[in-house]
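Colleague: Here is how the chains run, residue by residue.
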Amino acid sequence: MKNSIAERVGDFLKNYPPFNMVRAKNLTDLASEINIIYLEKGNTVFKKGDSTHEHFYIVRDGAISSNYNNGKTIEIMNIHDTGDIFGLKPLISKDTYNLTTIANEESIVYAIPIALFQSITDNNAKIQKYLITAFASNTYTPYTAEESGKIFVDYLPNTSQDIVNFQTVNYTKAPITCSLKSTLKSAAKKMCKHKIGCIIVVDENKKPAGIITNSDIKNKIATGLFPIDTRVTNIMNSPVITGKKDLTVADGQLQMIKNNIGHLCITKDGSINSKLIGVLSHHDVLATLGNNPSVILKEIKRAKRTKKLRATRRKANGLLKSYLEQNIPISHIINVISQINDAVTIRAIELAIKKMPTPPPVTFSWLALGSQGRKEQLLFTDQDNALVFEDVPEKKREETQTYFLELSNLITQTLNKIGFEYCEADMMASNPEWCKSLSEWQNQFKKWILKPDEKAILLSSIFFDYNCVYGNQELINKLTDTVYNTLQETTLFFRFLASDAIKSPSPLGFFRQFLIEQNGEQKELFNIKSRAVMPLVDAARLLILSKQIRGVNNTYERFERLAQLEPENKELYESCSYAFKALSKFKTKQGLLHNNSGKLIDLETLTKEEKLKLRRCFKPIQEIQEILKIRFDLKNFI
Amino acid sequence: MIKWFRKNKKKYPDFWNAYIDHFDTIEKTPINETRFVAFDTETTGFDILKDRVLSIGAVAFKGKSIPVNDSLELYLKQDIFNRDSVEIHEIIKSSTVDKVTELEAIKIFLSYIKNAVLIAHHSNFDKNMMNEMLSRHGLGKLKNKFIDTGVLFNKSKHIIYHENLKDHYSLDDLCKALNVPKVDRHTASGDALITGIVFLKILSRLDKRKHLQWSYLLK
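Line by line, the protein sequences are chains P and D. So for the first sequence, the numbering used here puts the first residue at 173; every next one is plus one. So for the second sequence, the numbering used here puts the first residue at 91; every next one is plus one.
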């Protein structure tokens, strides 16, 4: 019997190795035995330690991540795209799975029966060779490497990490040195002055003779082993380990590990007998490896493809993790990550404009809404955005909107590929409702403000936190003018917003227990977003709008500004700002731990101390809600 | 009384009785263990009485995995021929694919669907087309439960858009909204597979909003 579906599956497979080497007849047989599997984001295909399936997999649409789980943390090893194969090696080596694969976004994969695949490829030398090469280089995803086609090269770097490893290092030029005759005291003064952790001792020919680090001073001077005015030659480490100036990152790191040191001297010819030209510190290596915002931003600006953008954005998650571990202030983390998110969005827009057949007919601006608009987005969340274009004559309106809708479609698709989920409620610029001309937007906002209803209030929690990410800032200024002028005409709108802001009551129940979700999949979980974060966000927005303050979008910054304006409530606003930061940090840590948005918390997993900390954040929520009730006269408001 | 039932039953051919037997026991299986069959028919036109089914495509699945070897693709011998629809369906009367008679198609189709829950896009049309075909051969109506992906999609939309929902969503609209690749659109089995994937995607969206219950799906 004819099986068109199998034929189409075969048509897909034959574009990708190793199936492009399978004979057509065999391929059809194979295709008719596969399973088409639909995966939601977060669904697991197989887990580490699972006994092997009877199938291996190829990605049809979407992306599947391979994760290494060492019991504590989960690390993404690789992301498989359309045409990539995964889960094959364990089937051939008859092993259990050593990685966990999870759908990184909504995906469709084909499950291919291993028994049939082996029986039809057994005698095919080309395929065997391909598989051996693929396994040896530990990548069965040759198409993720930029050079598609070069399948048989011996080594294929398949992650950006690998590529970075072979870059040359970025060392510190013109390092601080002292002469052989200096005393330790003068050397230490120099180190203090330049705020550095090590100093190189050089001879009269500027050749490196030794190195003194902070720990040498601690171990040899502070302990009384040597007097403070001893010669540097007495306590320096010698000889130094040297390297060439075109050293790769991987080599540099290797040298440090091998010799158990934190600094390498870079000399003119790389030997100890030539002039010192720089120092490579462990810190420099880490910076090159990418956990560094300026490196990430630079990479984003240079990215030419979505894939590259996605890999780079993913690095930001690593950065976020290390920041949280190092206890860097959350306000700084928020700033850095929003910078990165904005840069990714801008790059996505630039790439999309290039793909359009013609340049934009008029100027426009791209608005980030919701958490990105407030610049509070730390982890990947849904994308909420809108587009405003310049007013055009009525007869051109439709044509112009069509152009921008098409552009928005490209942009939202790209953002989705990078990892920002589509907005469930479709609040995106690709929706004709949210892709309009300036005057249409002005009218829209006026309508929301002057004729508030339930829907308008629902939307205002997202739309009133807008931020121009790209394009003509002037359009947005005009829009903001309209919004603030219209706000002066009404008090009803504020009362609506206020009654909405106090709708979710304090997260603590009567007996001071946490209020948890009562039903559904989220049963027994504490929703930190809706119960604790959103009430603060809503309150801050309302108060800042009612005070006609522009350009402060961050919730914690809004509270700080309010504290300046109302000294009588300074303490409360400051504690709200603090609570918001603490809750964001909490949510982000949970999100990183479980690789999700972190909004649902399993209270069982928290320590007593963490629960106490959480609870302390709830007090200001209750108090700010009381203030709203009085200020906006909600007692008699339905 | 029992005798009367038996008598009545004997009037039908064995394959019909075998099909009916699948509905003897009414048990509620959980959604993820239920066998679903997504199907589509290509017809000579849109008149239930005059037009005929040219081909039937179907895929079956439990959970989220669609096995390709459990799909169905039937081409029917039909004398009624409508020149207008040839272009869409590309099934020309004299083309070389193996064709079966209507009665054979019914036999194969019934033994394939069994008591599965049937899914189709604008399912009323496909349902009526099939029932009309069954009645031409002296058989009863399909006993299966039906789900219409067009209706289900509306239910999955967020509440703020309910006032401007469309009454009619084409399968193309759904593919666009749900990001389903359009492969082999306008062939029965291609559309059946697309309908199946569309269904799974809507289901996952409903699941997130905790609406995944039989009463809600079949309403």
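Hint data in this document are derived by calculation from the structure and do not stem from the laboratory. Remember, it's a predicted structure, so these values are computed and weren't measured experimentally. C-beta: ideal position from N, C-alpha, C; glycine also. Some hints here could point you the wrong way.
Unchecked claim - Some chain P residues close to chain D (C-beta under 7 angstroms, calculated; not the full set):
no.: 1; residue: K174
no.: 2; residue: N175
no.: 3; residue: I177
no.: 4; residue: A178
no.: 5; residue: S204
no.: 6; residue: E205
no.: 7; residue: N207
no.: 8; residue: I208
no.: 9; residue: I209
no.: 10; residue: Y210
no.: 11; residue: T216
no.: 12; residue: K220
no.: 13; residue: D222
no.: 14; residue: M706
Claimed, not checked - What follows is a set of in silico ranges between Cβ atoms, one per label pair, in the way DEER data are often shown:
no.: 15; chain 1: P; residue 1: H766; chain 2: D; residue 2: D262; range: 52 to 58 angstroms
no.: 16; chain 1: D; residue 1: F113; chain 2: P; residue 2: K213; range: 33 to 39 angstroms
no.: 17; chain 1: P; residue 1: I518; chain 2: D; residue 2: F113; range: 58 to 64 angstroms
Colleague: Should the interface hint for D222 of chain P be scored as holding, given a Cβ-Cβ cut-off of 7 angstroms against chain D?
Modeller: 16 angstroms, violated
Colleague: Measuring from the C-beta of K174 of chain P to each C-beta in chain D, is the shortest one below 7 angstroms?
Modeller: 5 angstroms, holds
Colleague: Any CB of chain D closer than 7 angstroms to the CB of Y210 of chain P?
Modeller: This interface hint holds because 4 angstroms falls under the 7 angstroms limit.
Colleague: Given I209 of chain P was flagged as interface, is its beta-carbon under 7 angstroms from a beta-carbon of chain D?
Modeller: Hint on I209 of chain P: holds, closest Cβ of chain D at ~5 angstroms, below 7 angstroms.
Colleague: With a cut-off of 7 angstroms on the beta carbons, see whether T216 of chain P makes it to chain D.
Modeller: 12 angstroms, violated
Colleague: Restraint: M706 of chain P near chain D, CB-CB cut 7 angstroms. Satisfied or not?
Modeller: Not OK, violated: M706 of chain P not within 7 angstroms of chain D, min 17 angstroms.
Colleague: Just to be careful: measuring from the Cβ of N175 of chain P to every Cβ in chain D, is the smallest value less than 7 angstroms?
Modeller: 6 angstroms, holds
Colleague: Holds or violated: is there a CB of chain D closer than 7 angstroms to the CB of S204 of chain P?
Modeller: 5 angstroms, holds
Colleague: Please test the hint of 52 to 58 angstroms on the beta carbon pair from H766 of chain P and D262 of chain D.
Modeller: 37 angstroms, violated
Colleague: Tell me if A178 of chain P is really an interface residue toward chain D, meaning its C-beta lies closer than 7 angstroms to one of theirs.
Modeller: Holds, because the Cβ-Cβ distance from A178 of chain P to chain D comes to roughly 5 angstroms (cut-off 7 angstroms).
Colleague: Can the hint on I208 of chain P be confirmed by a CB-to-CB distance to chain D that is less than 7 angstroms?
Modeller: This interface hint holds because 4 angstroms falls under the 7 angstroms limit.
Colleague: Does the Cβ pair F113 of chain D, K213 of chain P satisfy 33 to 39 angstroms?
Modeller: 37 angstroms, holds
In the structure shown, a violation is registered for the earlier hints numbered 11, 12, 13, 14, 15, in ascending order.
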